[in-house]
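S.K.: Single-letter residue listing:
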Amino acid sequence: MNVEAVKKWMILFTEKVNQNKAYLSELDRAIGDGDHGMNMARGTTEVMAALEAKNPATVADVFKLTGMTLVSKVGGASGPLYGSAFISMAKEAGTTDSLLAILQAGLNGIEKRGQAVPGEKTMIDTWQPVIKALAAGNLSEQTIADAVAHTKEIKATKGRASYLGERSIGHLDPGAVSSGYLFETMLEAGVTND
Amino acid sequence: MTKLGVVVVSHVPEIAAGVVKLMREVAKDVAITFSGGTDENEIGTSFEKIQAAFEENEGETILAFYDLGSAKMNLEMVMELTEKEVRLYDTAFIESSYTAVALIQAGADLAAIEEQLAPLKIK
Numbered sequence: 001m002n003v004e005a006v007k008k009w010m011i012l013f014t015e016k017v018n019q020n021k022a023y024l025s026e027l028d029r030a031i032g033d034g035d036h037g038m039n040m041a042r043g044t045t046e047v048m049a050a051l052e053a054k055n056p057a058t059v060a061d062v063f064k065l066t067g068m069t070l071v072s073k074v075g076g077a078s079g080p081l082y083g084s085a086f087i088s089m090a091k092e093a094g095t096t097d098s099l100l101a102i103l104q105a106g107l108n109g110i111e112k113r114g115q116a117v118p119g120e121k122t123m124i125d126t127w128q129p130v131i132k133a134l135a136a137g138n139l140s141e142q143t144i145a146d147a148v149a150h151t152k153e154i155k156a157t158k159g160r161a162s163y164l165g166e167r168s169i170g171h172l173d174p175g176a177v178s179s180g181y182l183f184e185t186m187l188e189a190g191v192t193n194d
Numbered sequence: 001m002t003k004l005g006v007v008v009v010s011h012v013p014e015i016a017a018g019v020v021k022l023m024r025e026v027a028k029d030v031a032i033t034f035s036g037g038t039d040e041n042e043i044g045t046s047f048e049k050i051q052a053a054f055e056e057n058e059g060e061t062i063l064a065f066y067d068l069g070s071a072k073m074n075l076e077m078v079m080e081l082t083e084k085e086v087r088l089y090d091t092a093f094i095e096s097s098y099t100a101v102a103l104i105q106a107g108a109d110l111a112a113i114e115e116q117l118a119p120l121k122i123k
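Chains as they are written, first to last, in UniProt numbering: chain A, 1 to 194; chain B, 1 to 123.
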């Protein structure tokens, strides 16, 4: 895996999150506490500053710095969740070049931190289908869009939205949407499984 | 007996400070530290503030209480890094932290405290 492509991925992700921060917060206002866009925008912007300042040389170091920065700079639940994902990805990237293995490690990190599984209307409902498609060799923007859209139909049983029960149905999950941006920009940056 | 301390974590600075104020009514001498809100004192939790609450606490074994789920995730990240023994409770925030400090002040040991906390588990 090319470190420059991974850095470009983080840059594109930051741009996409910042362009859509109002939309992410609007989604979060419907079923959560309304801060997802602002939190992710602040966190990713801090990641950019950290990457520029430290200019890490390896893929593992880029992921580690990204994860540590998100943990300390994002005030909401997405901090420990995205942070755990990237820190787990960093550990995996230290031993393998396989994007599939690295993303699977990231998902494992999220599941462990959030004590969550697929089907609970969380970011996992984007991660899991994306990884499945990547393993099958047919990951596309459409796969990502479909996974994100599907969260609208799920009743939240994890996270802040779970307090709303049935009323959470009909709304996209904000974390699933921002995770969609993560994987869209991964494709745009040309980060692939070879 | 190891010295017990209590850490409370809330999304809101005033809630964390308020719970501590309430606890001080019954626990003048107990090691209590807290983390409230983000680094900017906005609503949320801060990994660094929680870490500081653990480090500044004089207890060797820390009983930790939190308000909502994302506070728990940050707490768990700090627990993986701290040298202290930490007991994290999924219990009613105010009732259980108040119960814990009152019992610590009265000289109860960890087993007795946990017995009282058990029925307060709500999450």
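A few of these clues could be false.
[Claimed, not checked] A few chain A residues that face chain B, going by a derived Cβ cut-off under 8 Å, partial list only:
#1 G114
#2 V117
#3 G159
[What the hints assert, rightly or not] Distance windows between CB atoms, simulated:
#4 B:K121 to A:R167: 55 to 61 Å
#5 B:P119 to A:N108: 29 to 35 Å
#6 B:E48 to A:A101: 51 to 57 Å
Note that these hints are calculated values from the structure, not bench results. Note that the Cβ used here is the ideal one computed from N, Cα and C, for glycine as well.
S.K.: Against this structure, judge whether each hint is valid.
M.R.: So, going through the hints one by one against the coordinates:
no.	hint	verdict
1	G114	holds (7 Å)
2	V117	violated (15 Å)
3	G159	holds (7 Å)
4	B:K121 to A:R167: 55 to 61 Å	violated (26 Å)
5	B:P119 to A:N108: 29 to 35 Å	holds (34 Å)
6	B:E48 to A:A101: 51 to 57 Å	violated (31 Å)
Of the numbered hints stated above, those contradicted by the structure are hints 2, 4 and 6, listed in ascending order.
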